[in-house]
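**Q** Kindly generate the complete structure, drawing on both the sequences and the hints.
Heads up: the protein sequence lines correspond to chains A and B, in order. If you're matching positions, the first sequence starts at 813 in the numbering used here and goes up one per residue. If you're matching positions, the second sequence starts at 10 in the numbering used here and goes up one per residue.
Incorrect hints may have been included.
Chain A side only, calculated, beta carbon under 10 Å to chain B, not exhaustive [said to hold, decoys possible]:
#: 1; residue: Pro-839
#: 2; residue: His-841
#: 3; residue: Thr-843
#: 4; residue: Gln-849
#: 5; residue: Pro-855
#: 6; residue: Pro-873
#: 7; residue: Gly-896
#: 8; residue: Phe-902
#: 9; residue: Pro-907
#: 10; residue: Thr-912
#: 11; residue: Thr-914
#: 12; residue: Gln-915
#: 13; residue: Phe-917
#: 14; residue: Gly-920
#: 15; residue: Arg-922
#: 16; residue: Leu-926
BS3-like cross-link-like pairs, simulated, lysine-lysine; straight-line CA separation at most 25 Å [as the list claims (entries may be wrong)]:
#: 17; chain 1: B; residue 1: Lys-118; chain 2: A; residue 2: Lys-869
#: 18; chain 1: B; residue 1: Lys-51; chain 2: A; residue 2: Lys-825
#: 19; chain 1: A; residue 1: Lys-864; chain 2: A; residue 2: Lys-834
#: 20; chain 1: B; residue 1: Lys-118; chain 2: B; residue 2: Lys-77
#: 21; chain 1: A; residue 1: Lys-834; chain 2: A; residue 2: Lys-869
#: 22; chain 1: B; residue 1: Lys-51; chain 2: A; residue 2: Lys-834
#: 23; chain 1: B; residue 1: Lys-10; chain 2: B; residue 2: Lys-118
To list a few chain B residues with every Cβ distance to chain A over 10 Å, as calculated [unchecked claim]:
#: 24; residue: Pro-17
#: 25; residue: Val-29
#: 26; residue: Gly-52
#: 27; residue: Ser-55
#: 28; residue: Arg-64
#: 29; residue: Asp-76
#: 30; residue: Asp-93
#: 31; residue: Ser-94
#: 32; residue: Ser-102
#: 33; residue: Gly-110
#: 34; residue: Val-117
Everything labelled a hint here was simulated from the structure, so no lab data went into it. Think of the CB as a built atom: it goes at the ideal place given N, C-alpha and C, for glycine as much as any other residue.
Next come the chains, spelled out residue by residue.
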Amino acid sequence: AAGVIQSPRHLIKEKRETATLKCYPIPRHDTVYWYQQGPGQDPQFLISFYEKMQSDKGSIPDRFSAQQFSDYHSELNMSSLELGDSALYFCASSPSGRYTDTQYFGPGTRLTVL
Amino acid sequence: KQEVTQIPAALSVPEGENLVLNCSFTDSAIYNLQWFRQDPGKGLTSLLLIQSSQREQTSGRLNASLDKSSGRSTLYIAASQPGDSATYLCAPSNGNKLVFGAGTILRVKS
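**A** This is the structure in structure tokens:
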């Protein structure tokens, strides 16, 4: 069965650079979620989109922005990178905007900021 | 604000044992609760999802229960195997977002 695809899987950036993470949801899923997991920490919700509109926002820094496109894939844009942004970034998708849906997670993008 | 606690933080058992992982949450107004498995440095694999109206869910050797009113969930693993070694995370949903606990690190010794 098709799963959530994230690219790239690994990314190394310098401080103050920008990074773009991409997420391709499971086919026919219209809802996407982004989570950040710092080293030794539990995943923290960043932002979610349903039908290309932002549906909820968590502890996402102002330096980060995200959007969902017409084909339902999503991109997380991160600017002015800081050392503390080094983390595993997960994308998840669900089949609809219902709160009762299962969220299916991708393999994550490991971002290292040097 | 939802807060999730998982006990124990770590567990080491011999192969074949049955074990219970505990999860408690402070805000009982949840829509569902998911249990995940995470291998070191890897992604999150969804194990079970329990809707707020359900009491338990079973998948193979795994059984998860939910007592929404008391803010508790347990994950029961029967006949544990070395391949079950991983971190287990519970995550209740208050809406769009999942709030994760810190996890229980499980090691099953052969």
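**Q** If a hint holds in the structure, say so; if it doesn't, say that too.
**A** Verification of the hints:
The criterion of a C-beta within 10 Å of any C-beta in chain B is not met by Pro-839 (chain A), whose closest approach is roughly 17 Å, and the hint is violated. A hinted interface residue such as His-841 (chain A) counts as satisfied when its beta carbon comes closer than 10 Å to some beta carbon of chain B; here the least separation is about 14 Å, so the hint is violated. For Thr-843 (chain A), the interface hint holds, the least distance from its beta-carbon to any beta-carbon of chain B being 8 Å, beneath 10 Å. Interface hint status for Gln-849 (chain A): upheld, as the beta-carbon distance to the closest one in chain B is roughly 8 Å, under 10 Å.
Interface restraint check for Pro-855 (chain A): the shortest CB-CB distance to chain B comes to about 5 Å, inside 10 Å, so the restraint holds. Here the hint on Pro-873 (chain A) is broken, as its CB sits about 16 Å from the closest CB of chain B, past 10 Å. A hinted interface residue such as Gly-896 (chain A) counts as satisfied when its beta carbon comes closer than 10 Å to some beta carbon of chain B; here the least separation is about 19 Å, so the hint is violated. With a cut of 10 Å, the hint placing Phe-902 (chain A) at the interface with chain B holds, because the nearest CB-to-CB distance is about 6 Å.
Among the interface hints, the one on Pro-907 (chain A) is violated; its C-beta lies about 13 Å from the nearest C-beta in chain B, farther than the 10 Å criterion. At about 5 Å, the closest approach between the beta carbon of Thr-912 (chain A) and any beta carbon in chain B falls short of 10 Å, and the interface hint on this residue holds. Using the Cβ-Cβ criterion of 10 Å, the hint placing Thr-914 (chain A) at the interface with chain B is satisfied: the shortest such distance is roughly 5 Å. About 6 Å separates the beta-carbon of Gln-915 (chain A) from the nearest beta-carbon of chain B, less than 10 Å, and the hint is met.
Below 10 Å, beta-carbon pairs count as interface contacts, and Phe-917 (chain A) has one with chain B at about 4 Å; its hint therefore holds. Because the closest C-beta pair between Gly-920 (chain A) and chain B is about 5 Å apart, less than 10 Å, the hint holds. For Arg-922 (chain A), the interface hint holds, the least distance from its beta-carbon to any beta-carbon of chain B being 8 Å, beneath 10 Å. Checking Leu-926 (chain A) against chain B by beta carbon gives a least distance of about 18 Å; that is not within 10 Å, so the hint is violated.
Distance restraint check for Lys-118 (chain B) and Lys-869 (chain A): the Cα-Cα separation of roughly 41 Å exceeds the 25 Å cut-off, and the hinted pair is therefore not satisfied. A hinted pair counts as satisfied when its Cα atoms are at most 25 Å apart, and Lys-51 (chain B) with Lys-825 (chain A) qualifies at roughly 20 Å. A distance of roughly 15 Å separates the Cα atoms of Lys-864 (chain A) and Lys-834 (chain A); the hinted pair therefore holds under the 25 Å criterion. Simply put, Lys-118 (chain B) and Lys-77 (chain B) have alpha-carbon atoms about 33 Å apart, too far for the 25 Å limit, and the pair is violated.
For the proposed pair Lys-834 (chain A) and Lys-869 (chain A), the alpha carbon gap of about 18 Å is at most 25 Å, so the pair holds. About 17 Å separates the Cα atoms of Lys-51 (chain B) and Lys-834 (chain A), which keeps this hinted pair within 25 Å; it holds. A hinted pair counts as satisfied when its Cα atoms are at most 25 Å apart, and Lys-10 (chain B) with Lys-118 (chain B) does not qualify at roughly 37 Å. Every CB of chain A lies more than 10 Å from the CB of Pro-17 (chain B), the least distance being 16 Å, so the non-interface label holds.
Remark: the non-interface label on Val-29 (chain B) is consistent with the geometry, its nearest Cβ contact in chain A lying 20 Å away (cut-off 10 Å). With 10 Å as the threshold on Cβ separation, the claim that Gly-52 (chain B) sits away from chain A is violated: the shortest Cβ distance comes to roughly 4 Å. For Ser-55 (chain B), the non-interface assignment is contradicted: its Cβ lies about 6 Å from the closest Cβ of chain A, within the 10 Å cut-off. Taking the minimum C-beta to C-beta distance to chain A, about 16 Å, the non-interface status of Arg-64 (chain B) holds against the 10 Å cut.
No Cβ of chain A approaches the Cβ of Asp-76 (chain B) within 10 Å, the least distance being about 18 Å, so the stated non-interface status holds. For Asp-93 (chain B), the shortest C-beta to C-beta distance to chain A comes to about 19 Å, beyond the 10 Å cut-off, and the non-interface label holds. Listed as a non-interface residue, Ser-94 (chain B) keeps its Cβ farther than 10 Å from every Cβ of chain A; the least gap is roughly 18 Å. At the 10 Å boundary, the C-beta of Ser-102 (chain B) falls inside the reach of chain A, the nearest C-beta of that chain being 6 Å off.
The beta carbon of Gly-110 (chain B) sits about 6 Å from the closest Cβ of chain A, which is not more than 10 Å, so the claim that it is off the interface is violated. For Val-117 (chain B), the condition that its CB be more than 10 Å from all CB atoms of chain A holds, with the nearest at approximately 22 Å.
Comparing the model with each numbered hint stated earlier shows that hints 1, 2, 6, 7, 9, 16, 17, 20, 23, 26, 27, 32, 33 do not hold.
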